[in-house]
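2 protein chains.
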Amino acid sequence: MSLLENLNWRYATKKYDPTKKVSQEDVDKIVEAARLAPTSSGLQQFRVIVVSNQELKEQMVPIAWEQQIMADASHVLVFAAWDRYTEERIDTIYNRTTDERGLPRGRFGSYTDKLKAAYLPQTAEENFVHTARQSYIGFALAIAQAAELKVDCTPVEGFTSEELDELLGLKEKGLKSVTLLPIGYRDNENDWLAPMKKVRNAKEDFVLEY
Amino acid sequence: MSLLENLNWRYATKKYDPTKKVSQEDVDKIVEAARLAPTSSGLQQFRVIVVSNQELKEQMVPIAWEQQIMADASHVLVFAAWDRYTEERIDTIYNRTTDERGLPRGRFGSYTDKLKAAYLPQTAEENFVHTARQSYIGFALAIAQAAELKVDCTPVEGFTSEELDELLGLKEKGLKSVTLLPIGYRDNENDWLAPMKKVRNAKEDFVLEY
Numbered sequence: 001m002s003l004l005e006n007l008n009w010r011y012a013t014k015k016y017d018p019t020k021k022v023s024q025e026d027v028d029k030i031v032e033a034a035r036l037a038p039t040s041s042g043l044q045q046f047r048v049i050v051v052s053n054q055e056l057k058e059q060m061v062p063i064a065w066e067q068q069i070m071a072d073a074s075h076v077l078v079f080a081a082w083d084r085y086t087e088e089r090i091d092t093i094y095n096r097t098t099d100e101r102g103l104p105r106g107r108f109g110s111y112t113d114k115l116k117a118a119y120l121p122q123t124a125e126e127n128f129v130h131t132a133r134q135s136y137i138g139f140a141l142a143i144a145q146a147a148e149l150k151v152d153c154t155p156v157e158g159f160t161s162e163e164l165d166e167l168l169g170l171k172e173k174g175l176k177s178v179t180l181l182p183i184g185y186r187d188n189e190n191d192w193l194a195p196m197k198k199v200r201n202a203k204e205d206f207v208l209e210y
Numbered sequence: 001m002s003l004l005e006n007l008n009w010r011y012a013t014k015k016y017d018p019t020k021k022v023s024q025e026d027v028d029k030i031v032e033a034a035r036l037a038p039t040s041s042g043l044q045q046f047r048v049i050v051v052s053n054q055e056l057k058e059q060m061v062p063i064a065w066e067q068q069i070m071a072d073a074s075h076v077l078v079f080a081a082w083d084r085y086t087e088e089r090i091d092t093i094y095n096r097t098t099d100e101r102g103l104p105r106g107r108f109g110s111y112t113d114k115l116k117a118a119y120l121p122q123t124a125e126e127n128f129v130h131t132a133r134q135s136y137i138g139f140a141l142a143i144a145q146a147a148e149l150k151v152d153c154t155p156v157e158g159f160t161s162e163e164l165d166e167l168l169g170l171k172e173k174g175l176k177s178v179t180l181l182p183i184g185y186r187d188n189e190n191d192w193l194a195p196m197k198k199v200r201n202a203k204e205d206f207v208l209e210y
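Sequence order for the protein chains is A and B. Mapped onto our numbering, the consecutive letters of the first sequence carry residue numbers 1 to 210. Mapped onto our numbering, the consecutive letters of the second sequence carry residue numbers 1 to 210.
Think of the hints as simulated: they come from the structure by calculation, not from any bench. Check before you lean on any hint, since a few could be wrong.
Note that the list lumps identical chains together, so a pair holds whenever it fits in one copy or between two copies.
Unchecked claim - Straight-line Cα separation of at most 20 Å, SDA-like style, residue types lysine to any residue; simulated pairs:
1) 116 x 106
2) 203 x 43
3) 198 x 108
4) 29 x 5
5) 173 x 200
6) 114 x 124
7) 150 x 4
8) 29 x 207
9) 114 x 40
10) 116 x 43
11) 14 x 190
12) 198 x 39
13) 29 x 9
14) 173 x 202
15) 114 x 89
16) 171 x 83
17) 150 x 1
18) 150 x 2
19) 20 x 52
20) 14 x 36
21) 21 x 149
22) 150 x 11
Model, not experiment: these values are computed from the prediction.
Between the sequences and the hints, there should be enough to build the whole structure, so can you do that?
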């Protein structure tokens, strides 16, 4: 099926069948789509945390404002972005890039100097506005990949990120959670949204042509 | 081809063949993928502006920090998000949703009241942090759709948004530009990045499993 068919198939699942688990192979593909995401200056400013432990998923219910889907979904993917830019983070990425391309380290030195001059004087909060945006690219591609595999998912912003970061020990890793993506299989009979029509802006309201 | 194959195929094109144009059918599919993007609370807080006018594209070169791809690409898609939330914008979306689903208007009133209580007291800047994030979901799906069609594209954040908003009259429409997506066909012989290996974090550095 095409991407457009997959996007029309998917919906934000509200009720999961807790007995159905997503295969490791499919989880790996969903994570891989996020890993391949393009990011600003290729810096890959985000990570994915895959939570399959049932006890942890149940602890995520109150953190996600009592959304039971956290516990009932097969896995919960957490998209977490760098809490700030650092010289080391930028250099690590570009050293890997030059190494893997067989180029001398420092080949992109004038470019990384510009990145450092732009980001390092900013506050951590300003940095995070930018890094968090990048995580949405991976988030969207994971949603598309789940749909291709006919795995249901629910894009979630409704949770208290500080509490989740504490639960998962993300602060120590220099990460802050941005979005959640429970994945699994819908409980079709008990999901009020499953039979509802997908509604979007009409094309003429969505697009401007110049 | 699968999404993963398409994501491995794509790269951020640095040089376009200005003689090759993307068909209207393919442009429509790319826009459609963005239109189908899931967004926070279903509010569809962003729009896409499709620029094919050559003169306008050339005016975008200095706005995009002298990136010649703006002029050479077949089309430039501009992703622009709501400059702020308003009661009218929230009601318009939810009235359409209830109308199209055959439900009484106000069916989601307690939910939209919560959205208004959360967003309307915020500053326009705080609102825009949130609306801009949503535009990245559509941006990513447009990138994936272009790859499926074997249309090249370049995700771009490097431009002066205030100047572009002025050029395209976006302020009057309550929109602020966030990202650009030139689309077209690569000039393979003159694109330094085309033959380079795609580099990403190793899976073990990208994923944490709990």
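Taking the hints in turn, this is what the structure says about them:
In the homo-oligomer, the alpha carbons of residue 116 and residue 106 lie at most 20 Å apart inside one protomer (14 Å), although the nearest pairing across protomers, at 49 Å, exceeds that limit. Proximity of residue 203 and residue 43 under a CA criterion of 20 Å is satisfied inter-copy only: 15 Å between copies versus 34 Å inside one chain copy. Taking the shortest alpha-carbon separations for residue 198 and residue 108, only the inter-copy value of 15 Å comes in at or below 20 Å, while the best intra-copy value is 45 Å. For the identical chains of this complex, residue 29 and residue 5 are neighbours both inside a copy (19 Å) and across copies (11 Å), given an alpha-carbon limit of 20 Å.
In this assembly of identical chains, the alpha carbons of residue 173 and residue 200 lie at most 20 Å apart only when taken from different copies (19 Å versus 38 Å within one copy). In the homo-oligomer, the alpha carbons of residue 114 and residue 124 lie at most 20 Å apart inside one protomer (18 Å), although the nearest pairing across protomers, at 29 Å, exceeds that limit. In this homomeric assembly, residue 150 and residue 4 come within 20 Å of each other (Cα to Cα) both inside a single copy, at 13 Å, and across copies, at 15 Å. Taking the shortest Cα distances, residue 29 and residue 207 sit within 20 Å of each other only across copies (12 Å), while inside one copy they are farther apart (32 Å).
Taking the shortest alpha-carbon separations for residue 114 and residue 40, only the intra-copy value of 13 Å comes in at or below 20 Å, while the best inter-copy value is 33 Å. Within a single copy, residue 116 and residue 43 get their C-alpha atoms as close as 12 Å, which meets the 20 Å cut-off; across copies the closest is 35 Å, which misses it. For the homomeric pair residue 14 and residue 190, the shortest alpha-carbon distance inside one copy (9 Å) is at most 20 Å, but the shortest distance between copies (49 Å) is not. For the homomeric pair residue 198 and residue 39, the shortest alpha-carbon distance between copies (12 Å) is at most 20 Å, but the shortest distance inside one copy (29 Å) is not.
With identical chains, the CA atoms of residue 29 and residue 9 are at most 20 Å apart both within one copy (18 Å) and between copies (16 Å). Within a single copy, residue 173 and residue 202 get their C-alpha atoms only as close as 43 Å, which misses the 20 Å cut-off; across copies the closest is 17 Å, which meets it. Proximity of residue 114 and residue 89 under a CA criterion of 20 Å is satisfied intra-copy only: 14 Å inside one chain copy versus 39 Å between copies. For the identical chains of this complex, residue 171 and residue 83 are intra-copy neighbours only, at 8 Å inside a copy versus 31 Å across copies, given an alpha-carbon limit of 20 Å.
In this homomeric assembly, residue 150 and residue 1 come within 20 Å of each other (Cα to Cα) both inside a single copy, at 10 Å, and across copies, at 16 Å. For a Cα distance limit of 20 Å, the shortest separation of residue 150 from residue 2 qualifies both inside one copy, at 12 Å, and across copies, at 13 Å. For a Cα distance limit of 20 Å, the shortest separation of residue 20 from residue 52 inside one copy, 12 Å, qualifies, whereas the shortest one across copies, 47 Å, does not. Only between protomers do residue 14 and residue 36 lie at most 20 Å apart by alpha-carbon distance; the minimum there is 18 Å, versus 28 Å within a single protomer.
When the C-alpha separation of residue 21 and residue 149 is checked against a cutoff of 20 Å, the pair qualifies only within one copy, where the shortest distance is 13 Å, while the shortest distance between copies is 32 Å. Taking the closest pair of Cα atoms, residue 150 and residue 11 come within 20 Å of each other only inside a single copy of the chain (11 Å); across copies the shortest separation is 26 Å, beyond that limit.
Consistency with the previously given hints is maintained throughout, with no hint failing.
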